[in-house]
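Note that the protein sequences, when read in sequence, are chains A and B.
In this text, residue positions in the first sequence follow my numbering: the first is 1, and each later residue adds one.
In this text, residue positions in the second sequence follow my numbering: the first is 217, and each later residue adds one.
Hints may contain errors.
[To be verified] Using C-beta positions, here's what the derived DEER-type ranges look like:
id: 1; chain 1: A; residue 1: P132; chain 2: B; residue 2: M617; range: 45 to 53 Å
id: 2; chain 1: A; residue 1: S128; chain 2: B; residue 2: H276; range: 20 to 28 Å
id: 3; chain 1: B; residue 1: K400; chain 2: A; residue 2: G163; range: 56 to 64 Å
id: 4; chain 1: A; residue 1: S128; chain 2: B; residue 2: N508; range: 52 to 60 Å
id: 5; chain 1: B; residue 1: G399; chain 2: A; residue 2: P132; range: 43 to 51 Å
id: 6; chain 1: B; residue 1: N379; chain 2: A; residue 2: D74; range: 25 to 33 Å
id: 7; chain 1: B; residue 1: D408; chain 2: A; residue 2: S128; range: 39 to 47 Å
id: 8; chain 1: A; residue 1: Q54; chain 2: B; residue 2: D408; range: 42 to 50 Å
id: 9; chain 1: A; residue 1: D74; chain 2: B; residue 2: W634; range: 21 to 29 Å
id: 10; chain 1: A; residue 1: P132; chain 2: B; residue 2: H276; range: 51 to 59 Å
id: 11; chain 1: A; residue 1: P132; chain 2: B; residue 2: N379; range: 26 to 34 Å
[Claimed, not checked] To spell it out: a stretch of chain A is covered by chain B in this simulated footprint if at least three of its residues, at any positions, have a beta carbon under 8 Å from a beta carbon of chain B; those stretches are:
id: 12; segment: 128-140
id: 13; segment: 146-153
[To be verified] Derived, one-sided and incomplete: chain A residues facing chain B with beta-carbon distance under 7 Å:
id: 14; residue: G69
id: 15; residue: E81
id: 16; residue: G124
id: 17; residue: S181
id: 18; residue: F183
id: 19; residue: A212
Hints listed in this document are in silico derivations from the structure and should not be mistaken for laboratory results.
We treat Cβ as the ideally placed atom computed from N, Cα and C, and that holds for glycine.
Here is how the chains run, residue by residue.
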Amino acid sequence: MNRRQGRGHGTDLRLPLPARLCLLTLLSPPLSSAASISPPEPISQAYRLALYMQKNTSMLLWTYLQYQGSPFSDPGFSAPELQLSSLPPATAFFKTWHALDDGERLSLAQRAFLALTQHLQLVGDDQSDLNPGSPILLAQLGAARLRAQGLLGSMATSMTALGLPIPPEEDTLGLVAFGASAFERKCRGYMVTREYGHWTDRAVRDLALLKAKYPA
Amino acid sequence: MALFAVFPTTFFLTLLSLRTYQSEVSAERLPLTPVSLKVSTNSTHQSLHLQWTVHNLPYHQELKMVFQIQISRIETSNVIWVGNYSTTVKWNQVLHWSWESELPLECATHFVRIKSVVDDAKFPEPNFWSNWSSWEEVSVQDSFGQDILFVFPKDKLVEEGSNVTICYVSRNIQNNVSCYLEGKQIHGEQLDPHVTSFNLSSVPFIRNKGTNIYCEASQGNVSKGIKGIVLFVSKVLEEPKNFSCETQDFKTLHCTWDPGTDTALGWFKQPSQSYTLFESFSGEKKLCTHKNWCNWQITQDSEETYNFTLIAENYLRKRSVNILFNLTHRVYLMNPFSVNFENVNATNAIMTWKVHSMRNNFTYLCQIELHGEGKMMQYNVSIKVNGEYFLSELEPATEYMARVRCADASHFWKWSEWSGQNFTTLEAAPSEAPDVWRIVNLEPGNHTVTLFWKPLSKLHANGKILFYNVVVENLDKPSRSELHSIPAPANSTKLILDRCSYQICVTANNSVGASPASVIVISADPESKDVEEERIAGTEGGFSLSWKPQPGDVIGYVVDWCDHTQDVLGDFQWKNVGPNTTSTVISTDAFRPGVRYDFRIYGLSTKRIACLLEKKTGYSQELAPSDNPHVLVDTLTSHSFTLSWKDYSTESQPGFIQGYHVYLKSKARQCHPRFEKAVLSDGSECCKYKIDNPEEKALIVDNLKPESFYEFFVTPFTSAGEGPNATFTKVTTPDEHSAMLIHILLPMVFCVLLIMVMCYLKSQWIKETCYPDIPDPYKSSILSLIKFKENPHLTIMNVSDCIPDAIEVVSKPEGTKIQFLGTRKSLTETELTKPNYLYLLPTEKNHSGPGPCICFENLTYNQAASDSGSCGHVPVPPKAPSMLGLMTSPENVLKALEKNYMNSLGEIPAGETSLNYVSQLASPMFGDKDSLPTNPVEPPHCSEYKMQMAVPLRLALPPPTENSSLSSITLLDPGEHYR
């Protein structure tokens, strides 16, 4: 696995002003009058947020792995075979992905980020037990969850603007195995942070496609 | 006997009853076989939990039984553990027993069976084991999911240094499984094709978040999955150290200890160890909330003796320490209060304080520390509630800090904290006379005495010195003493005294009183005789001085000194030496290297009159000179030059100048005589000359080569070395002959210049004398020749009266009178009706006809006029200077004169066709311009004289015709001529 190293720890919370404003606006629930908003604007906003998130995903993964010990913290660690059944996979055949219509595309992303926000919450809880003295990791996990929520809101606004139905919020985690062993939780955290990166990459592509389709 | 009779009977009966019982059990209820064996597992503790019952036990009876338990792993034949369990079994009792497996239970199926035997005293006969129960199989693998790989035990908590067995279960035996502990591969033992176990011995503590152990299943290079566990290794719990309890108030016991390492682990696997305080006499227990101290409430009815056990506990271990003590022996007093000082005077004070009362009739031991003047005194005192201590032998005017601490006197446990206070003793009169010395300067008619004194030490000042009293008393004449009061902190004063003997008393005064007086007598006689100064060598430690004792009685000697270069008053020091001493070492940190100090040694007579004995001067450490002299080069000749540095001061140097080194560089390899070869610090070679006399500040460097390049460098040296490196000065010797040449050339150049200047200044005169623009005939040498040869009466024609020559060919039969006018105006008015030709006759006789003419041309004049090529009548203005200068040579003139070509000016007689020549040299007829010369004029050498003035073109003559040479008409402008 090629891991990109970020510029430093703890940078995630220092969002640039546009991103912060973006988050603030997007965290608010979609307005009922959203239908009056033209599609390009929320799509563009969502795209910008996804782009911003993309810059921090590898940093989050790297930070997470550093706190878990070997083999996670070993150089070049990658375990693609580890898959979390509760998270939809971000990978898709290109043809299938390309053939998706707007509604399907946004629904899939919507579902994935909904699952991710819940999983990031779980991972944050796990790590605050295991690594209570590591505010950097906890802050990064918290920031990632907040951004995922922001993207959710942003995509919901876009769907409303496009006149698409918003998929209902559901508990994607289901029954969590609270008795999971420490190692299992470490693995789970790894898979969540990894998939968060993959889904963010995909969201950038999704939104770029939509942005091209609905130019401002 | 009766006893013996009874005993066998009783024994027999008892035995009989037992036999009966046994027969009942064995015959009726046997076998006592364990039944209903159930085995459950606890994965967390890796334990098998067995429970069973024993059938056939008599109702309400208890039997001691031994159960043998066999445990097999993987298959029943593989027995891994056999053990006995003894217990008392009641009727209908469910028995429990646990066994902890080293191997995680998930990794292998276990089988358990049990058998029993009665081991009860009621059955003294040997018993037989029951039959084995059937094997009970225990397997937890059924609860696994669908994964291909499992690693056990999960999240196990162990202590550092313990042995741990881990294992993995691989569902697919095709997979290659590798296991790692913190990145390092570990190797295990295969239990069956699916299961491998790893024995980790003495596991280390790596971090409190646990140690990762993981296994990776792969086929070829393809990873099939990673599974792992986190092994939580705890530090070994330490026994608490330094556990002790004490009370300050008999209400609370404060117990403290050193907890040692915190054994807390991450993920809430193990919290920090807990501490519990248990008192065995009261049976009370208290869970401590702090990890290193705990308070225990003392109740009124509690005993004075306590037996405390401190228990430290974590999930893995329990540690305890015990102390037994009497409460009264563990009294840690609170620090004393109300510390005060009473009756403070110059040398003593009373210190008072109070102690917090503990119980009645308590005696306290108190310790007092007195800090002052860099010293510390300690006193112990035994008191009741109120403490008091008399502090004596204090120094006046000194700040002290006194502090006190107390402890239980009967059972010393520990001192309380200190309580302290500062106080200052009162002042007292200074206890010692100030150390006074003086400098006496003799001046005409009086002495100037500068008194110096050293400030009293704090020990002797006994307070703040406010002023110094100087009392001057004349010893020769009865007079009133003078009192000078000099406020502190001055340390000197100047007195001007007449030539009498004076006694000077100096006292130091503070607010309480005056010190004893210091007395000095100034003698009326000159105190100093001529004493030679001696050079001494100091050391880093100072100067060692010795002197000859003063004859007569002395009360002591004084050595004073100061910096040689500094102002005397600035750095003046002195030292008193006893009367029997004739040497001393002056050592002070103030001596600086490279500074010259002057010492004077005085003897003090019994009358306290000082007599200068010796003078010494020296450096504590001589340094190399700090600068080099400024060297001048004198008398540079081709073979020598002189170097001189007269301005260099040898006195103000950081060492005694011993001489100079002169370095000389030249192209020649050989050094000059007196010079020796030396190598400079930069490695270059040169010649060195040493001057050993510091006052010899010049050197003649001779035997040099002319026109050669030399470099020199002069540096002084002291015992510490030479002066600083500096650049060499360059000198080039002059040429051998150049000096001589200069001697000749210079005057010559001067003379030439002088002449040139004179010539310039007198140029007008010279010009007029030697080469005037218009030669003055009177001044001509020709005149004398003429006079000498022919006509002594001959006079020089006045040019102004002349009419220039004109040679005119008159073709008219009748004569034309040509008017020659003396002025230009008249000339312009002249009508030259037919001035056809003007011939200049050849000067040579053989020249028969008109020949080539010589034309005197002055190009500065009208070119047009001159180009006309005509010679013509030239009217010469009166008083015009003669035109001799226009003649090419005096010889021509001379010839002309010899041939009597006399100056004639006139008119050619009318009717004659002749050649009229109007000579420029013709003598005028003394003002009569109309008169013509009588003598005919033969044309001299044909000369053409071009006009020297601008002539109007209309006056230009016509061009010459044949047989005519170039005619010339000279029209003279009087304005042009009079220059």
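Verification of the supplied hints:
1. A/P132 to B/M617: 45 to 53 Å: Holds, since A/P132 and B/M617 (Cβ atoms, about 49 Å apart) stay within the stated range.
2. A/S128 to B/H276: 20 to 28 Å: Violated, at about 58 Å.
3. B/K400 to A/G163: 56 to 64 Å: holds (59 Å)
4. A/S128 to B/N508: 52 to 60 Å: violated (27 Å)
5. B/G399 to A/P132: 43 to 51 Å: Violated, at about 24 Å.
6. B/N379 to A/D74: 25 to 33 Å: holds (26 Å)
7. B/D408 to A/S128: 39 to 47 Å: holds (41 Å)
8. A/Q54 to B/D408: 42 to 50 Å: Holds: the Cβ-Cβ distance is about 49 Å, inside 42 to 50 Å.
9. A/D74 to B/W634: 21 to 29 Å: Given a distance of about 58 Å, which is not inside 21 to 29 Å, the answer is violated.
10. A/P132 to B/H276: 51 to 59 Å: This hint holds: roughly 57 Å between Cβ atoms.
11. A/P132 to B/N379: 26 to 34 Å: Hint holds: Cβ distance 30 Å, inside 26 to 34 Å.
12. 128-140: holds (count 4)
13. 146-153: violated (count 0)
14. G69: holds (4 Å)
15. E81: Hint on A/E81: holds, closest Cβ of chain B at ~5 Å, below 7 Å.
16. G124: violated (14 Å)
17. S181: holds (4 Å)
18. F183: holds (4 Å)
19. A212: Hint violated; A/A212 Cβ to chain B Cβ min 38 Å, cut 7 Å.
Checked against the numbered hints above, the structure breaks hints 2, 4, 5, 9, 13, 16, 19 and satisfies the rest.
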